[in-house]
Amino acid sequence: MWVPYKTRLTRDLDRWRRNGWLSDDGRDAILADVAQSGGGFSLASALSILASVLFGFAAISFVAAHWEDMPRLWRLLLLLASIWAGYGAAGWLTSRGYALFADAAILFAVGMFGASLMLISQMYHIDGDPFDALLMWWVAALFAGVLLRSNPALALALVLVCVWSFTQAIDRNEVYWPFLIGWGAVSAAFAWQRWRPGLHLSALALTIFVIMLGYQLDGGHDHALVAIIGAIAVAALVGVEKALPDTESLTSPLLPYAVVVTFAGLYALQFLESPTLGTLIGLAALTLVSLLAAISYGLATDNRGMLWLGYIGFSIEILSVYWQTVGSILGTSLFFLIAALIVTALAYMALRIAHRGRPKEIAA
Amino acid sequence: MSGQRRYFWPLLIIVAVVQSAALFKIVYDKDHLLKTAREITMPVRPLDPRDVFRGDYVTLGYDISTLNKANLPAAAKLDGLHRGSTAFVTLSPQPAGGWSVSGVSEDFPAQVPASDVVLKGRIKSDWARADGSDKTLNVRYGIETYFVPEGTGRDLESKVREHKIEAIVAVGADGTAAIKGLVVDGERHVDPPLL
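These protein sequence lines are chains A and B, in that order.
Read in order, the letters of the first sequence correspond to residues 1179 to 1542 in my numbering.
Read in order, the letters of the second sequence correspond to residues 6 to 200 in my numbering.
If you are wondering where the hints come from, they were derived from the structure by calculation, not from laboratory data.
Keep in mind that this is a model prediction, so the values were computed, not measured.
Careful: at least some of the hints might be erroneous.
Said to hold, decoys possible - Keeping only pairs whose Cα atoms sit at most 16 Å apart, straight-line, the calculated EDC-like set for lysine to aspartate or glutamate is:
#, chain 1, residue 1, chain 2, residue 2
1, B, Lys74, B, Asp84
2, B, Lys164, B, Asp190
3, B, Lys129, A, Asp1480
4, B, Lys40, B, Asp196
5, B, Lys74, B, Asp131
6, B, Lys30, A, Asp1310
7, B, Lys129, A, Glu1426
8, B, Lys82, B, Asp131
9, B, Lys164, B, Glu192
Please model the entire structure based on the sequences and the hints provided.
Written out as structure tokens, the structure is:
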């Protein structure tokens, strides 16, 4: 799983050539094409992004240390100059063909914009509402990200939307629904950019938001809503995937997030609330069957994320049920018997799926 | 990015100009408020020492930071106010100097005597007995933080505790408040306007 795509492909191509399915020219042509079209995220670009973050911190601490020695107008001009320097560097790097380094420069400029907001707050003793500053910062990051089509700036915008909503939710002690506006705007930008890691970030942020709903609504006991939202999302994603097979590349990476939401809701209902034993057994059975379905789906569609999620969820569920039922009416031995039966069923299903999968492999 | 390389420079300049303008607007608004708004002076109250000094800023507390129904005139309407909501607090000058709360409302009061001043605040926490009596609100006006040069916070903290500091607060027509400076031992410390 961790082997890079190019290495895996080279290994497969060599095997296919040995079997005589592929010519030497074909192999070289495929590798050349991969080398040209790939190259998405290199070490150099990753380091340049990190460097721009460090530059940002260096600039902020330098300004903070010499703050009092500097006339106030100078401070402001220095901050503005750093923003312009970032965008200027981005333009220069783009014109020389270093698009990835230009992204780092844009990220630096957006970071300096945030630093400016904070230093201006300090200058005028503006207090209390750092949220307004965070709101302005994420809007600025989104603006730069969309106009300059910069993915790192958009990623920063999403992180800022999350920080902004989180501080607001803590402060108000209630769900902060405007999160969905910020989340929607940045996610739309990710979709427009067709940037896959960004969509994962969006899915992760929404997953956490939905799970948190269970702890915020109805006095902090609305986990049933979380489980229902998760189940609807799972059903919708599977439905879309079946109806429109072309969308598989989009729906299958999102499915694990929906499963996490469902499991988190069911888990809180079972173990954070205090259900009756009958309800607990019912919910536990429902959870285990759902996780088995997730595992078999992961096996059938070769969705590794789903598979691992199923295994981990299954283990957590079994351990938690065990913990909850020790010493209760449902004796420990009975519990193990049930767990053994479930795992036997799992093994049987896995065997069936493996049998079903094998003829396909031979045919290939 | 390659498809729109031609427009990249103009787009960069648009982003830089818009962001710079946004920052400039904040500075301009604050500067304008401090220069033109009405000025009131209020004593700074000593706070819980754990809260007073944090990093390089000082947290300031005022008598009007805590509103208790029992100590307020009947005109003060506290019932509709709860954590997170906006409150408008009317202050009247006292014959002996200083300011006292003469009204609290959810909306900006319709009629304000010329001598009075209205501050906009946000409720940080609210508390009441089960029967609704003795309602107490904690209000923040955005004038509770004073940034100081690194390392000088301790001195200021002890002065705050010995009642030697007053805050000079600029209050805009809409109730927005901003710290203009401090009066330390009777001496005025105010930064000159920037623009």
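Quick check: which numbered hints come out false for this structure? 3 and 7
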